[in-house]
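A.B. asks: Chains as they are written, first to last, in our numbering: chain Z, 1 to 337; chain B, 338 to 674.
The set of hints was computed from the structure by calculation and includes no laboratory data. Please note: incorrect hints may appear among the correct ones.
Not everything, but these chain B residues come out facing chain Z in the computed CB check (under 7 Å) [to be verified]: (1) Arg470; (2) Leu478; (3) Glu498; (4) Asn579.
Heads up, the beta-carbon is just placed ideally off N, CA and C, and yes, glycines get one too.
Residues per chain, in single letters:
Number of protein chains: 2
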Amino acid sequence: MSGAPSLSRPDAPDAAVLQEIQAPVHDALARVLDEMRRIATADLPMIDSLGGHLLQMRGKMFRPTLALLSSAAGGTPEPRAVTVAAIVELLHLATLVHDDAVDHAALRRGVPTLNAMFGHQVSVIMGDYLYSRALVELVSLRDIELMHVLAHMTNRLTVGEMRQLAAVDRLGFGEDEYFELIACKTASLLGAACETGALCGAPQHREALRRYGDRLGMAFQIADDILDYVEDSAVTGKPSGNDLREHKVTLPLIAALPRLTPAQRERVDALFAAEVPSDALIGDVVAVVGEAGGLDAARRRAEGFAREAEESLSSLPASVARTALADAVTYVIDRRW
Amino acid sequence: MSGAPSLSRPDAPDAAVLQEIQAPVHDALARVLDEMRRIATADLPMIDSLGGHLLQMRGKMFRPTLALLSSAAGGTPEPRAVTVAAIVELLHLATLVHDDAVDHAALRRGVPTLNAMFGHQVSVIMGDYLYSRALVELVSLRDIELMHVLAHMTNRLTVGEMRQLAAVDRLGFGEDEYFELIACKTASLLGAACETGALCGAPQHREALRRYGDRLGMAFQIADDILDYVEDSAVTGKPSGNDLREHKVTLPLIAALPRLTPAQRERVDALFAAEVPSDALIGDVVAVVGEAGGLDAARRRAEGFAREAEESLSSLPASVARTALADAVTYVIDRRW
Chain Z
1 MSGAPSLSRP DAPDAAVLQE IQAPVHDALA RVLDEMRRIA TADLPMIDSL
51 GGHLLQMRGK MFRPTLALLS SAAGGTPEPR AVTVAAIVEL LHLATLVHDD
101 AVDHAALRRG VPTLNAMFGH QVSVIMGDYL YSRALVELVS LRDIELMHVL
151 AHMTNRLTVG EMRQLAAVDR LGFGEDEYFE LIACKTASLL GAACETGALC
201 GAPQHREALR RYGDRLGMAF QIADDILDYV EDSAVTGKPS GNDLREHKVT
251 LPLIAALPRL TPAQRERVDA LFAAEVPSDA LIGDVVAVVG EAGGLDAARR
301 RAEGFAREAE ESLSSLPASV ARTALADAVT YVIDRRW
Chain B
338 MSGAPSLSRP DAPDAAVLQE IQAPVHDALA RVLDEMRRIA TADLPMIDSL
388 GGHLLQMRGK MFRPTLALLS SAAGGTPEPR AVTVAAIVEL LHLATLVHDD
438 AVDHAALRRG VPTLNAMFGH QVSVIMGDYL YSRALVELVS LRDIELMHVL
488 AHMTNRLTVG EMRQLAAVDR LGFGEDEYFE LIACKTASLL GAACETGALC
538 GAPQHREALR RYGDRLGMAF QIADDILDYV EDSAVTGKPS GNDLREHKVT
588 LPLIAALPRL TPAQRERVDA LFAAEVPSDA LIGDVVAVVG EAGGLDAARR
638 RAEGFAREAE ESLSSLPASV ARTALADAVT YVIDRRW
């Protein structure tokens, strides 16, 4: 599974949907980018050029969008929500930089990684730098609750990374372990984006929005792991079946495993025995997982989490922000499975 | 220059001096170790085994010693100083883990690095984990001033790492750049250890103790960089001339460069041109640096910083802690040059 659930590219059909979700916070999102640039490039010319590159490789600003919408959910978003959204996105970018360094990845979202451009040393240090700069900015807001949420989030992210290492090359990696992994690695960040956003304007909805973000994150990651099976590289920006190629065990495979015929199981075992599985073998296992119902089962789980996310919004007053948050749920699970 | 100014080994003659410095906080130091273990091993069995290894590779607990002595400098150390000292040491260990990952180092203080034992991936993630766990613990103390000091410190450390990359393979790396580098990379940590210690019992001496720690750190790193030239591997735990081997430009060489004869300069250029310099060539350059007065000049700068460190203690009331802090200055610059 990829550390960064990649949203679809700008030219994809659902870009219009995302634009609609982001419309209520469009101006604030532009200010988030300025804040990110200010925070990331404070110390050195060398860091300046790296920071510029990182901002290029940003995704669709999905996490800042969630933070800003959450801050608006009570009707009175605070200006500091922009800084908080920038901090959340920078913490996210820091983890992506280390993910790429750990994976020796060459591309992310079609853009060369820091790792590929500047080498491994700079990537590790640059991740540390981004993280510490975001932390300095966070402390300067002098809000212990924000620090509490984000400190625990970064800890959960690293525990998720550890668990991810354990998910490679292990066909015994089970559903509970998978859910715990994606809760740490993906849901914690979306939950914290919403919770810290709520702390900047809608503190009475803090718990509901955290739960919303958490469940949305679970659906988001499952959807991403399904996309790895079903979409071709033109859409995801990475080769199809990439998780299988890297021997990463995700929900579609976990759900399929108990239902395989011996012949199907043989294909799966062959893939995990091959150090560099052939494209044909990967294609076989992708087909096997679909035939055995692994994709359908994973879709049902994603839809269950999506429903819980939507239900979490029920205590919020009707608002443009709430509507956009509800649309974000549809957006996450509608990514052309 | 090594990221970790390594104190001498337990069997070295100055171990007795260190023991004397640590005597006033001996019991508290034992509690710091317990705190480190508690903080580092909170989440996973895998992390548990790694954490145990990390605690093994801890040094002489010099930073926690400084923090505890600083907290006692006003006569009323607070119990939370133990936790703060543990957080400072864990942040330090996190940077060492990433240093080793970046350098692909196999040994640190004679103990195999995490990098060598568990591979590069685990090292990067483990550093992140330690850092985030220390942060969670820090936030739970709910003291913005402590967070402020330690957030800025970690940022300075990463900027120092960046600057260090720029100090490799660059004979034009100058004295000002060197001092800025070690201020970020070493002095910031010792300064923050003393300042956060002061915040836990001696806040009226916060500024004096920060300055003390900062200047001590400058002397400490220069001494370490001198030791890399003059001591053999049995004492430092690493090969002599190691910085030269890695093309790292430190103060002894910087001070010697303008005074070299053409023949001496030719040796230096040859070393920096050789991808893997021979031991003989390294030995030549070590000798050249000494003959040109580079080591003497570096010693004078270290002694200057040491004097400033001692002077910073003048506003403190007489106490066992103050005496130990003064002894720490002597200890740092007396490491058998």
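A.B. asks: Taking the hints in turn, state whether each one holds.
C.D. replies: So, going through the hints one by one against the coordinates:
1. Arg470: 6 Å, holds
2. Leu478: 10 Å, violated
3. Glu498: With a minimum Cβ separation of about 4 Å from chain Z (threshold 7 Å), the hint on Glu498(B) holds.
4. Asn579: Violated, about 17 Å.
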